[in-house]
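Protein chains: 2
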Amino acid sequence: MNSETVTVEEARHLVGRAVSLRGHVQAIRRLGAITFLVLRDRTGTIQVVANGSSEGLSDLALEQAVTVRGTVAKRQGSAEGIEIQLEKLITLCEPSTGLPVEISREKRMESLGLPALLNYRPLTLRNERVRAIFKIQAAIATAFREFLNREHFTEIHSSKLVSTGTEGGANLFTVEYFGQKAFLAQSPQFYRQIMVGVFERVFEVGPVYRAEEHNTIRHLNEYISLDFEMGFIESESDLIAMETKLLQYIFEYLKENCSKELELHQVKIPVFAEIPSVTLTEAHAILSKLPLQSATKTQGEPEDLTPEGERALCEYFARVDGIEMVFVTHYPWSVRPFYAMPESGTNKSHSFDLLFRGLEVTTGGQRIHIHSRLLEAMESRGLRPESFEDYLQCFRYGMPPHGGLAIGLERLTKQLLGLANIREASLFPRDGNRLSP
Amino acid sequence: MNSETVTVEEARHLVGRAVSLRGHVQAIRRLGAITFLVLRDRTGTIQVVANGSSEGLSDLALEQAVTVRGTVAKRQGSAEGIEIQLEKLITLCEPSTGLPVEISREKRMESLGLPALLNYRPLTLRNERVRAIFKIQAAIATAFREFLNREHFTEIHSSKLVSTGTEGGANLFTVEYFGQKAFLAQSPQFYRQIMVGVFERVFEVGPVYRAEEHNTIRHLNEYISLDFEMGFIESESDLIAMETKLLQYIFEYLKENCSKELELHQVKIPVFAEIPSVTLTEAHAILSKLPLQSATKTQGEPEDLTPEGERALCEYFARVDGIEMVFVTHYPWSVRPFYAMPESGTNKSHSFDLLFRGLEVTTGGQRIHIHSRLLEAMESRGLRPESFEDYLQCFRYGMPPHGGLAIGLERLTKQLLGLANIREASLFPRDGNRLSP
Chain A
1 MNSETVTVEE
11 ARHLVGRAVS
21 LRGHVQAIRR
31 LGAITFLVLR
41 DRTGTIQVVA
51 NGSSEGLSDL
61 ALEQAVTVRG
71 TVAKRQGSAE
81 GIEIQLEKLI
91 TLCEPSTGLP
101 VEISREKRME
111 SLGLPALLNY
121 RPLTLRNERV
131 RAIFKIQAAI
141 ATAFREFLNR
151 EHFTEIHSSK
161 LVSTGTEGGA
171 NLFTVEYFGQ
181 KAFLAQSPQF
191 YRQIMVGVFE
201 RVFEVGPVYR
211 AEEHNTIRHL
221 NEYISLDFEM
231 GFIESESDLI
241 AMETKLLQYI
251 FEYLKENCSK
261 ELELHQVKIP
271 VFAEIPSVTL
281 TEAHAILSKL
291 PLQSATKTQG
301 EPEDLTPEGE
311 RALCEYFARV
321 DGIEMVFVTH
331 YPWSVRPFYA
341 MPESGTNKSH
351 SFDLLFRGLE
361 VTTGGQRIHI
371 HSRLLEAMES
381 RGLRPESFED
391 YLQCFRYGMP
401 PHGGLAIGLE
411 RLTKQLLGLA
421 NIREASLFPR
431 DGNRLSP
Chain B
1001 MNSETVTVEE
1011 ARHLVGRAVS
1021 LRGHVQAIRR
1031 LGAITFLVLR
1041 DRTGTIQVVA
1051 NGSSEGLSDL
1061 ALEQAVTVRG
1071 TVAKRQGSAE
1081 GIEIQLEKLI
1091 TLCEPSTGLP
1101 VEISREKRME
1111 SLGLPALLNY
1121 RPLTLRNERV
1131 RAIFKIQAAI
1141 ATAFREFLNR
1151 EHFTEIHSSK
1161 LVSTGTEGGA
1171 NLFTVEYFGQ
1181 KAFLAQSPQF
1191 YRQIMVGVFE
1201 RVFEVGPVYR
1211 AEEHNTIRHL
1221 NEYISLDFEM
1231 GFIESESDLI
1241 AMETKLLQYI
1251 FEYLKENCSK
1261 ELELHQVKIP
1271 VFAEIPSVTL
1281 TEAHAILSKL
1291 PLQSATKTQG
1301 EPEDLTPEGE
1311 RALCEYFARV
1321 DGIEMVFVTH
1331 YPWSVRPFYA
1341 MPESGTNKSH
1351 SFDLLFRGLE
1361 VTTGGQRIHI
1371 HSRLLEAMES
1381 RGLRPESFED
1391 YLQCFRYGMP
1401 PHGGLAIGLE
1411 RLTKQLLGLA
1421 NIREASLFPR
1431 DGNRLSP
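Going down the list, the sequences are from chains A and B. Sequential numbering from 1 applies to the first sequence in my numbering. Sequential numbering from 1001 applies to the second sequence in my numbering.
All clues stand as given, with none of them false.
Listing some non-contacts, in silico: residues in chain A with all C-beta distances to chain B over 10 Å: (1) P270; (2) R319; (3) L359.
With a Cα cut of at most 20 Å, we get these calculated EDC-like pairs of lysine to aspartate or glutamate: (4) K1260/B - E1128/B; (5) K74/A - E4/A; (6) K1260/B - E151/A; (7) K1348/B - D1238/B; (8) K1245/B - E1151/B; (9) K1260/B - E1010/B; (10) K1255/B - E1274/B; (11) K255/A - E1146/B; (12) K1181/B - E213/A; (13) K135/A - E1146/B; (14) K181/A - E1213/B; (15) K135/A - E1151/B.
These aren't lab readings, by the way, just hints derived from the structure by calculation. For glycine and all other residues, C-beta sits at the position ideal for the given N, C-alpha and C.
Could you build all of it, start to finish, from the sequences and the hints given here?
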């Protein structure tokens, strides 16, 4: 019998035809002489019905890779509408010797607890709901690049091995580099700025590293940073406008391309024409009227928001504007990196964060583009310009007013899907206790 | 006067209109009372003509960032066809104090020599021909992802901090990781394979690290690897067929999107229906008839090709088939990684390289997917399975026949553009002597 090799999705349109399907055995149920299998391939799952004994059927184990030959038939009372009547089963590997955790469709992987979820990552990632997280994450990265390419940004790949930190040397991982010390880049910041002098608008999607010891639900020591930087801006408002359009594009893209996955996680995609924006001082004034334990990290002049403050502010704008996002602008210059553009006449800076459902998912701002002012800023922080010689080059040749921002891919994924821990949004997360798998 | 802010490209269609343009001063020529500027923005260059003295004009320096206001006018005898008659010049930064190297349009940056080219990277990258290299490179990465998304591959982001090397521990960079030793990943190999069990078809674009001491025109210690891995293959032929279609797609994409940049480098895009394929033994037989110094690295049974052999083989196929590409297949198992699928009954493996204009740009192959055989392979190489526990997990649960390949992004760029040194194809290259900029 000739049978065409098709995917589960293709099989749906082939009732009556003899086909071959290839995938993993996701479920096995034996009812007397009849065996029901659920076969999973990259496009979905399908029921396979075996009457009587078919070779290989009795030894078959969960997750085994198989080829299934049979006829596509209509199936009563099923969402998928079809099933495969098995004619031949071919196993493609040895049966598993028993799975350490159950990954069936109904099972919520979070209920395993984080250690099991991550220790058995090669298995738990096969669960339908977990797969959906990373399908959505891949789509976010695709939409990010697609939007920026349309806006005439150029993609760059900068080195992750650097000789100087972007923030003056704290929280860097050290690499042995042919007898020298190198560091893992905390951000492509300096390279993005150098490349603004080259392409005017650039973006990068790549890993960044923070050697911070904290062990929280929102920090990773290695994460994927979605960065863009653009020249010839008037102020940070141009960046905020660009990110607003970018997020609209990403969310629209997800609705079009990931409807099944969004539904699985019951994701409510934010819809908005604009994102509210408040200064840090205004944010503080709003929070001061709310009953909170600790809205800001400092008494008097607010320097930053506490996690509780971030959550309360997003809840406030959800109530008032119907959107769980808010830009917080004008952070004091003293709490931002040396390259942040100060606001003239104040102690503030042209920088901002974006909070989404209670968590900072973006940090950005306008940068200092005048060589002499950059030197002053470094010196006021006690940084030695000699250590930043390569970075400073581009400012000596001439740089336009510019700025940019970084979105944490895992944070955006976590907040969008309502995941409890950021580790659930990283395929193979790294933290102080975890270097594998 | 109201003037719309436009790009150089947009200005071409606005003859007679008052516009603002923003960019860098690429050239200045003073002819009596008239000053001619070349303004460069992200879309191209345009001549700006200033009659008499305009404020800021006398101090203006090369590469300074400026806003130019003026009227778009037709220009006699110019390729661009238009120029800007200056009304107002606004400088956006301090003038440069003199450029260490000249980066004018006519200047070939290679002629500076590699140290100057790389030491002044923030400046030399602004040269038109150098920019074109990285426009093409960005387009290659975009086309790679676009093609694989269409073929139902899912993009992944795997960790670059690993506890075990993929090849048994040689040539790894060491990272201090919270009191432990970690390594920089040489390849996302193990993660790609794990993810085949999850998504069946996956790809990744990311940095990889090789702590090799050699200092050659074709090696970098950090490079961008374009990887894909796919399940349910019959043999390595499926991978070769997929790469053939992928390269056709990439080359077609470049022709459509980078015609100006390709022309600048006088790139001849390969056109082919198929790419020739020979076994290593056949390659050796072809080379043995050619007058070469050193066609293979070994006497007797060939284990690999020398650089000279790779070049001669590509030249041979350019003469015979009119295509400077060739797949070389069936490398001995002993010279490939332990996870390479052995060919049954021989000492060969289901692995291959792709040579392009004399250089290996891809290495790939079918992998062992049976748990027990993988253990045997490890043991025969003296590797301890305990060190690969996380990797081995996925094979215990059930893995389909699978394989994949990796394309070096910088190598593909170098070969396509005919660059002399791979460092020219990396924005910020890393080698034994270079950790900056």
